[in-house]
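Novice: From first to last, the protein sequence lines are chains A and B. Take the first sequence: its letters are residues 1 to 510, numbered as in our numbering. Take the second sequence: its letters are residues 1 to 133, numbered as in our numbering.
Be careful, since some hints might not be right.
Claimed, not checked - Here are some chain A residues pointing at chain B (derived, C-beta under 10 Å):
#1 V306
#2 H311
#3 R314
#4 R321
#5 L474
#6 Y476
Stated by the list, open to error - Computed beta-carbon distance windows for the label pairs:
#7 B:R97 x A:L174: 42 to 48 Å
#8 B:A100 x A:R182: 55 to 61 Å
#9 A:L309 x B:Q29: 32 to 38 Å
#10 B:G32 x A:Q421: 44 to 50 Å
#11 A:V255 x B:S92: 16 to 22 Å
#12 A:V238 x B:S122: 47 to 53 Å
#13 A:A231 x B:G32: 55 to 61 Å
Stated by the list, open to error - Sample of chain B residues with no beta-carbon within 12 Å of chain A, all distances over it, derived:
#14 Q52
#15 Q80
#16 R99
#17 I101
Derived by calculation from the structure, the hints in this document are not laboratory data. Small disclaimer: the values here were computed from a predicted structure and weren't measured. Just so it is clear, CB atoms sit at the ideal spot from N, CA and C, and this is done for glycine as well.
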Amino acid sequence: MAHRQELLQRQRVLAEFGAFVLQCDDLEQILAQACRLVSEALGTEFAKILEIERERGTALVRAGIGWNDHVIGHARIQLNDRSSEAYAIETGEPLITLNIANEDRFDFPDFMVEHGVVALVNVPILLHGREVFGVLQVDCRSPREFGQDEVDFLRTYSMVLGPVIDRLEKLRELEHTSAIHRMVVENARDYAILLSDPEDRVTAWLPGAAAVFGWSEAEMLGKPASMLFTAEDRAAGVPEQECAEAARNGKAPDVRWHVRKDGSRVFIDGQTTALRSSAGELTGFMKIGQDVTDRRASDERQQVLVAELQHRTRNLMSIVRSIAEKTARASADLPDFRERFRDRMEALARVQGLLSRLTENTRVTFDELLETELYAMDGSSGGVTLDGPKGVAMRSSTVQTLAMALHELATNAVKYGALSQAGGTLSIKWHLEETVEDQRPLLRIDWREEGVTMPGADATLRRGQGRELIEKALPYQLSARTTYTLGPEGVHCTIALPVSGHRGTEGDHG
Amino acid sequence: MADLSLDHRRILVAEDEFLLADDLDMELQDAGAIVLGPAGTISEALKIIEDQQKIDGAILDVNLGGDAIFPAAEALMKRQVPFVFTTGYDPSSIPERYRAIVRFEKPIILRHVVSAVGRLVSGEGVGANLAEG
Numbered sequence: 001m002a003h004r005q006e007l008l009q010r011q012r013v014l015a016e017f018g019a020f021v022l023q024c025d026d027l028e029q030i031l032a033q034a035c036r037l038v039s040e041a042l043g044t045e046f047a048k049i050l051e052i053e054r055e056r057g058t059a060l061v062r063a064g065i066g067w068n069d070h071v072i073g074h075a076r077i078q079l080n081d082r083s084s085e086a087y088a089i090e091t092g093e094p095l096i097t098l099n100i101a102n103e104d105r106f107d108f109p110d111f112m113v114e115h116g117v118v119a120l121v122n123v124p125i126l127l128h129g130r131e132v133f134g135v136l137q138v139d140c141r142s143p144r145e146f147g148q149d150e151v152d153f154l155r156t157y158s159m160v161l162g163p164v165i166d167r168l169e170k171l172r173e174l175e176h177t178s179a180i181h182r183m184v185v186e187n188a189r190d191y192a193i194l195l196s197d198p199e200d201r202v203t204a205w206l207p208g209a210a211a212v213f214g215w216s217e218a219e220m221l222g223k224p225a226s227m228l229f230t231a232e233d234r235a236a237g238v239p240e241q242e243c244a245e246a247a248r249n250g251k252a253p254d255v256r257w258h259v260r261k262d263g264s265r266v267f268i269d270g271q272t273t274a275l276r277s278s279a280g281e282l283t284g285f286m287k288i289g290q291d292v293t294d295r296r297a298s299d300e301r302q303q304v305l306v307a308e309l310q311h312r313t314r315n316l317m318s319i320v321r322s323i324a325e326k327t328a329r330a331s332a333d334l335p336d337f338r339e340r341f342r343d344r345m346e347a348l349a350r351v352q353g354l355l356s357r358l359t360e361n362t363r364v365t366f367d368e369l370l371e372t373e374l375y376a377m378d379g380s381s382g383g384v385t386l387d388g389p390k391g392v393a394m395r396s397s398t399v400q401t402l403a404m405a406l407h408e409l410a411t412n413a414v415k416y417g418a419l420s421q422a423g424g425t426l427s428i429k430w431h432l433e434e435t436v437e438d439q440r441p442l443l444r445i446d447w448r449e450e451g452v453t454m455p456g457a458d459a460t461l462r463r464g465q466g467r468e469l470i471e472k473a474l475p476y477q478l479s480a481r482t483t484y485t486l487g488p489e490g491v492h493c494t495i496a497l498p499v500s501g502h503r504g505t506e507g508d509h510g
Numbered sequence: 001m002a003d004l005s006l007d008h009r010r011i012l013v014a015e016d017e018f019l020l021a022d023d024l025d026m027e028l029q030d031a032g033a034i035v036l037g038p039a040g041t042i043s044e045a046l047k048i049i050e051d052q053q054k055i056d057g058a059i060l061d062v063n064l065g066g067d068a069i070f071p072a073a074e075a076l077m078k079r080q081v082p083f084v085f086t087t088g089y090d091p092s093s094i095p096e097r098y099r100a101i102v103r104f105e106k107p108i109i110l111r112h113v114v115s116a117v118g119r120l121v122s123g124e125g126v127g128a129n130l131a132e133g
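Can you make the complete structure from the sequences, with help from the hints?
Specialist: Below, the structure is given as structure tokens:
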């Protein structure tokens, strides 16, 4: 039995250790202190704490007293059926070795032999749920008979140590996790993240929020989060509705325009989440949102483009059918129909080609349109003179109709007019006429054929589509004023057409 | 044809594409109707509605040169004149208020549109919307 004096001292050691761990959250310091106190209490030269490294099948010397520098934090013990530590861990019971010279069950690591260890006690350290953390070990340089009361003391000491380690390990994990969370949150610059209290006043304003909205943390803390909403939404009570919905359902979507510090608008795709204490009381809100302004603008542009394309295609089908119908009505027989129809389809295809080359901000110009049509006349444009400015921009909605009208004029000239005879000439003049304010400028086109020997009634634009396009379609669809006369020397046609006037400045509708 | 539902009926046509307006014009005339218009702009359409004492029905293109036809649709509804829509755009571009109006998607089949107007004018229903094309 131990002396009363020794028992008192051990009790003092336990009390001292208890007091120490209350003040200290550093695991290394606590483990070192534990080793120091236990070696003092039992009068051993050494003490150490080994932590199991399960993946490696080893135990690392985490802390100790009496050992050389290279041992603590470096020395490892293999946990196998020849190690006393593994045995103690396995059985969960203290294991005493009186003299390693007489021990044939176990091998002992070199560093212990080098330090002259002769006797030792292994006591497992248990965590929550009886999981083993490692081993508390005391070692002596001389053979020693450890009494039951000493072993009991070590067991008690280890029982105190377990929960302390457990608490600190969990704390360390938590700190690690929150450090990662903080790092993620602070680096998520594309996401505006903020916290608010139950009255929706800002309590945390993270860097992403500052980047998206332009307000600094100092400017926003304590301010109502509703100031990020548009005036319309504030007037309609949207901020309050979102918080109420989040309080009711846990979450509420926040997908709408918001306002930056500089007054500009930013489209946020986000969510408000209600925060509650463990007792269920509402403690505030967390708001996370992404700035999707650019993505949204590009989506909208795509939608407009698709709608316009769809419209243009449907319209084109209607026109093709209508041309087929009208051509059929004016044709003498099928070969006649075939020639005229193909001719018109080719003209229509050329216009589509011109229009499809356009980018968002460019327009087809009148000279391009005219040249495309004349070029298609197969080099029979020998007697043609062109006189007018380049670069007169056409509204894209007008291009198709005007091109079809020019096509009818040109076809007629090739077949029956100025370009069908050696002496014939065709002069096309145009100029831009500025009009009074608020009105579009007029493009005046003058198409004059001369030197044509009139063969008779055939020289007129064939009945039907050609003349109809000039006299009816251009005024109806393009608000143009047109004249068409058949003089003694050939066709004279004038067109006065409102245009956009400048290249690439105007948005219009098809 | 025995169908006389459009005979001497006064039908407004609003359509900005000349060729299509002309097609509808002729198809309606073939059915015996008197065509008001065709109107290529919203202001022309509104003027016809204002000027004409008697309108029996209408065919309205939803988009006239970038302007919505709805003011004209309103004026006709006020006078209880039945009409149909034609559109080259997605049906979602038509406000909820007009969802009950029969609409034909372009490219339209002329005789379907004209006979639908004929049935409306003679007080028959035309059933569900006919999506064509």
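Novice: With reference to the structure, classify each hint as holding or not holding.
Specialist: Each hint tested on the structure:
1. V306: Result: holds, 9 Å to nearest chain B Cβ.
2. H311: holds, 4 Å
3. R314: holds, 4 Å
4. R321: Status holds, d = 6 Å.
5. L474: Holds: closest Cβ of chain B sits about 8 Å from A:L474, inside 10 Å.
6. Y476: Holds - the Cβ of A:Y476 comes within 10 Å of chain B, reaching about 5 Å at its closest.
7. B:R97 x A:L174: 42 to 48 Å: Violated - the Cβ-Cβ distance for B:R97 and A:L174, about 59 Å, lies outside 42 to 48 Å.
8. B:A100 x A:R182: 55 to 61 Å: 57 Å Cβ-Cβ, so the 55 to 61 Å window holds.
9. A:L309 x B:Q29: 32 to 38 Å: Since A:L309 and B:Q29 have Cβ atoms about 33 Å apart, the given range 32 to 38 Å holds.
10. B:G32 x A:Q421: 44 to 50 Å: Because 47 Å falls inside the window, the suggested range holds.
11. A:V255 x B:S92: 16 to 22 Å: With a Cβ separation near 19 Å, A:V255 and B:S92 satisfy 16 to 22 Å, so the hint holds.
12. A:V238 x B:S122: 47 to 53 Å: Given range 47 to 53 Å: holds, Cβ gap about 50 Å.
13. A:A231 x B:G32: 55 to 61 Å: Between A:A231 and B:G32, where Cβ atoms are some 58 Å apart, the hint holds.
14. Q52: The claim holds: B:Q52 sits with its nearest Cβ about 19 Å from chain A, beyond 12 Å.
15. Q80: holds, 29 Å
16. R99: With a cut-off of 12 Å, B:R99 remains clear of chain A, as the shortest Cβ separation is near 19 Å.
17. I101: holds, 19 Å
Figure legend: structure checked against the earlier numbered hints; the only hint not met is number 7.
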